[in-house]
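Listed below, chain by chain, are the residues.
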Amino acid sequence: MDILVGSIFAGLLIGMILALVALGLTIIFGVMDIVNFAHGEFLMIGMYTGLLTAQGLGIDPVFTLPVAALVGFLLGIICYFGFIKFLIRGPMVAQLLGTFGLMLFLRNLALLIFGSEDRAVHSGILVGKSFDVGMGIIVPATKLAAAGLSVAAFFGVWLLMNRTKIGMALTATALDAQGARYMGIPTERMNALAWGIGGASVTIAGALLVNFWSVNPFIGLLFTMIAFAIVALGGFGSIPGAFFAGLVVGIITEIPGFWDFFSYTFDADWMMNVPMTSFKYMWVYVAYFVIVVLRPRGLFGWKQ
Amino acid sequence: MEAIKNALDFSDFPRVDLMVAGAVSIALVVFPIFPHSSFAMSTMIQFLMFSLYGMGWNTIGGYGGQVDLGKAQYVGIGAYTTAVMLIRWDIPFWFSMPIGVCLSVGWSFIIGYPLFRLKGHYFAIATIATSLVLKDIFEVWGFVGAARGLEISPIEFPPPDFMRLIFREDIYYFYVILVFFFIGILYINWFRKSRLGFQLRSIKDNEDVARSLGINVHWAKIKTYAIATAFVSMVGSFHACYVRSIEPEDTMSLDISIMIALMAMLGGAGSLWGPIIGAGILIPLKSYLKDWLGAQAGLVGIDLILYAIIIMLISAFEPRGVWGIVEKIRRRKRN
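Read top to bottom, the protein sequences are chains A and B.
For the first sequence, the working numbering gives the first residue as 86, with consecutive numbering after it.
For the second sequence, the working numbering gives the first residue as 184, with consecutive numbering after it.
No lab work stands behind these hints: they were computed from the structure.
For clarity, every value in this text was computed on a predicted model and none was experimentally measured.
Some hints could be false.
[As the list claims (entries may be wrong)] Derived EDC-like pairs (lysine to aspartate or glutamate); straight-line CA-CA distance at most 20 Å:
{"#": "1", "chain 1": "A", "residue 1": "365", "chain 2": "B", "residue 2": "319"}
{"#": "2", "chain 1": "B", "residue 1": "302", "chain 2": "A", "residue 2": "145"}
{"#": "3", "chain 1": "A", "residue 1": "365", "chain 2": "B", "residue 2": "432"}
{"#": "4", "chain 1": "B", "residue 1": "473", "chain 2": "B", "residue 2": "501"}
{"#": "5", "chain 1": "B", "residue 1": "473", "chain 2": "B", "residue 2": "433"}
{"#": "6", "chain 1": "B", "residue 1": "318", "chain 2": "B", "residue 2": "438"}
{"#": "7", "chain 1": "B", "residue 1": "318", "chain 2": "B", "residue 2": "334"}
{"#": "8", "chain 1": "B", "residue 1": "516", "chain 2": "B", "residue 2": "474"}
{"#": "9", "chain 1": "A", "residue 1": "170", "chain 2": "B", "residue 2": "319"}
{"#": "10", "chain 1": "B", "residue 1": "302", "chain 2": "B", "residue 2": "200"}
{"#": "11", "chain 1": "B", "residue 1": "376", "chain 2": "B", "residue 2": "388"}
{"#": "12", "chain 1": "B", "residue 1": "469", "chain 2": "B", "residue 2": "510"}
Same shape as in the complex, but just chain B:
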């Protein structure tokens, strides 16, 4: 009960924040009622998915300050668990998703134990290495379809099917992921005020001091890494049912890992709203840029060039992200 009360308690935010958050929530809930293109709908779903990825990354990367660039491997584990179980044994989504989470978390413990003996650059590059190893294995492993990947055919599993999460219209997917999204926000709101959340922030500020205060630094990091992993793996499972065709290249590539980290970075790592703001800016920008410049003007890759320029500008001039700018303005007003 205490945990639920804590999760629902947003009273430490200024009132403006809560009003904006409430308005955005209502807008999200009623959005599908208004006329919209299917392109807008899929962008919206992408936005919600990447906010969730970003929230997961934010626990370890934002509150904990450990730059993890290997989150894509857990997207892959989640997506593949769901797809393989559905295709081979006809196990519905709502059962395979927790199994996928268990597998991901198990794997995160196995590699997390040696990983968190590393710091800084070494840690970041080692997470990339593990992710690439897993991707290479999935690319030749025949059981999971090797490089061709897996496809959930709509003939074999006729839509609509809530248990297997197979629908024809995107609107159902939208509401499913929206529920995940709200639960995710409540969880993170609880997490940041929990014992682990405070431990983690003290580790970020000064690891040696945190250790001298009696915090088990290694274990706290591993636990948080597992939480982040669970988030990412859940959305990965959803991804499998949503796109219905997965392959190693588009679920486990380094680009996905970086995108995940970028959401939180751009919005503001270490704040509750950061990943949501980041995804809200980057995802529409990316998909519309790709549509206008890539497909219509015929310039392949120019959307990614603009994207790269944004990354470079943000990291060079405002490393604390959009939320950092907002806080700076607020501080100036107060003085």
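Just chain A, same shape as in the assembly:
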């Protein structure tokens, strides 16, 4: 029973951070109908930013979030004006391969600068501490704080999108770009803003993630795929959808824990022999496939 509850809890915690990872992707897709393959690379840049700022300035990794957000915002805007603006005029094939090129570029640039070894945060007020919640659940303080801050950031972006004039302009651009232009909304700037917000939210997630996840230049693709799965489940372009789908995908990544629980409960030898931890992320891909085939709109989506 402990394993089961513990797995659900761990899944929900990681899911809250994954939801923030996917938020940027869903905003960008909603506003511009473009799928950003470089999303995981933005996350990687956020992770390196958090790590290097913490080490360079000697402050705690938790307080590097503003720096990461700024870097992500600028990165998104630069990418938009320097590249994406030209890309969106072309056909869909070109858009897909173009953002893939961006991904390859950022990944190998990171490889050239930082080298290929894993790096991790070793010190900080949260690192190495944990809470015993009871029922045998031990929660690392880093994960708890990261999940809490990620929910706060998520709520902030939700407020921005739904309670401010800029957010309304973004939503209008997402619904009908041409109509929005007639109403006097500068859609070009709105697109850039979507990339900025998307970049900032994902780099914040990266700076949170680096507290308990070591970083290397190749980490991006995994998170890109996870983010795609979350966005597909929640519905492309839906912000509340991304949050709930993030929790679901978080639980999916804990399937090995459930597998252990059931194999102990039923005392089934064949179940114990399956190397379930190697399949940890496979279920995310399977989930993506099943979701888009059965319900392409996702849970909360309004776009086909």
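Take the given structure of chain A and dock chain B to it, following the hints.
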């Protein structure tokens, strides 16, 4: 007979195209006679392999407009079928290759049926997902060597051996893949003028209109996907015998899928020469960049950075590829 006549009929191309194509073919055939380094030879074989991959992708991606980013799974199925059959049961290449094609095509039908209910981005990402699932399975499946992969040892299978396709010199591999290459061109030349080829182009232009004209859109896409799969799987089998050591990471990774799509994209998707031009530019560029900048200057990854910049420039400024530029120039001359 009609099919063969159609395949050999290149008369709808301008004469310049045919002259260049003929010159390149002759150059390819006589290339090994002239002195060359082994590095040049392996680059040449890579070029031919990736042209074939690109031709396969071009059927579904170029003529059909369905962005498939999961072709690497079929490279993997082909390569693993050949390697496993050779190592475990000593079945030679020429028998295991058709079996590999059958397995790949079977798998492509299984996943193609649900896949082609999707469109656009959804389809592209779903193909990636299936490819990654298969890669994850191969990485833990002990029967096929798990993450370590398989190795065809030259002691167990002494070269030269035409049936098992094990040779010591690259020149034999070169001629085998060159024959595949010419057959591939003839097949695509037939395909683009076939009923399915025309159906596919009408689907690309407007799917709803194609459906209203009575084309079974779903089935046409699945059939073409199977054709593309067969191409890729065949070359995958060849890859297993050529490199003799395969592992999931270098046969089934996403990078391979993207490379395959990129060949056709860069050269010009939806044209007969596109994938060949694309491979002719990208493969030498990649291997020489890697040699000069990566190995000699000690800058790891800088070859891929330049590569990425090329991808970005092509997709942003000339999405129709090199062939698009050629056609633009021709149109301007005519007016």
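Okay, the hints, checked on the actual structure:
1. The suggested pairing of residue 365(A) with residue 319(B) holds, with an alpha-carbon distance near 9 Å, which does not exceed 20 Å.
2. Among the hinted pairs, residue 302(B) with residue 145(A) is inconsistent with the structure: their alpha-carbon atoms are about 46 Å apart, more than 20 Å.
3. A C-alpha spacing of about 17 Å is found between residue 365(A) and residue 432(B), which places the hinted pair at or below 20 Å, so the restraint holds.
4. Between residue 473(B) and residue 501(B) the CA atoms are separated by roughly 25 Å; this puts the pair beyond 20 Å, and the hint is violated.
5. A C-alpha spacing of about 16 Å is found between residue 473(B) and residue 433(B), which places the hinted pair at or below 20 Å, so the restraint holds.
6. With a CA separation close to 12 Å, the supplied pair residue 318(B) and residue 438(B) stays within the 20 Å bound.
7. The straight-line distance between the Cα atoms of residue 318(B) and residue 334(B) is roughly 18 Å, inside the 20 Å bound, and the hint therefore holds.
8. Between residue 516(B) and residue 474(B), the direct Cα distance comes to roughly 40 Å. Violation of the 20 Å bound is thereby established for this hinted pair.
9. Pair hint residue 170(A) plus residue 319(B) does not hold up; C-alpha atoms about 36 Å apart against a cutoff of 20 Å.
10. Between residue 302(B) and residue 200(B) the CA atoms are separated by roughly 34 Å; this puts the pair beyond 20 Å, and the hint is violated.
11. Only pairs whose Cα atoms come within 20 Å are accepted, and residue 376(B) paired with residue 388(B) is accepted, the gap being roughly 16 Å.
12. Using a Cα cut-off of 20 Å, the hinted pair residue 469(B) and residue 510(B) is violated, with the two alpha carbons roughly 26 Å apart.
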